[in-house]
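Novice: Sequence:
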Amino acid sequence: MDIGIREKSLSVGEAAQRVGLTTYTLRWYEQEGLVAPVGRDSAGRRRYTEADVNWLFLLLRLRRTGMPVRDMRRYAELARQGDRTLGARRALFEAHRARVLARMAELTEDLKALDHKIDAYRQAEEELG
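Residue 37 in our numbering sits at position 46 of the sequence shown; the count goes up by one each step and never skips.
Since the hints were derived computationally from the structure, they do not count as laboratory data. Any given hint could be a false lead.
To be verified - For each label pair, taking beta carbons as the anchor points, the in silico distance ranges come out as: (1) 4 with 110: 44 to 50 angstroms; (2) 84 with -1: 46 to 52 angstroms; (3) 27 with 92: 25 to 31 angstroms; (4) 55 with 28: 23 to 29 angstroms; (5) 93 with 2: 36 to 42 angstroms; (6) 112 with 31: 54 to 60 angstroms; (7) 98 with 51: 16 to 22 angstroms; (8) 102 with 32: 46 to 52 angstroms; (9) 117 with 27: 18 to 24 angstroms.
Every residue gets a Cβ at the ideal spot worked out from N, C-alpha and C, and that includes glycine.
Using the sequences and the hints given, assemble the complete structure.
Specialist: Below is the structure:
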């Protein structure tokens, strides 16, 4: 698939830098099926479009929220199948959202424990000094 000259595109290095990945990681995303095969220029070099970059940003958000690669791969497969998979994609995101909310609740409790210890140390320092 040749990228037309009218559409601005990025090299693998430029795309990786824009989204904050290494070129190795970006290629790994492709190998894992997380990224659909990207367009190529006339010399056969990968060229990433704005849509490709936006997809990568979504994948990074999913990863940052702890979505397992297998679920990300499943989502990518579903997305490539088109609108007939909207319900399955929604369900995948709803399940992940529930896990994120549970993790946020755990982190909130952990933060409370840290705050308690910080306050206790601060108070002990004031009493000593």
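Novice: Flag every earlier hint the structure violates by its number, smallest first.
Specialist: Violated hints: 2, 9; rest satisfied.
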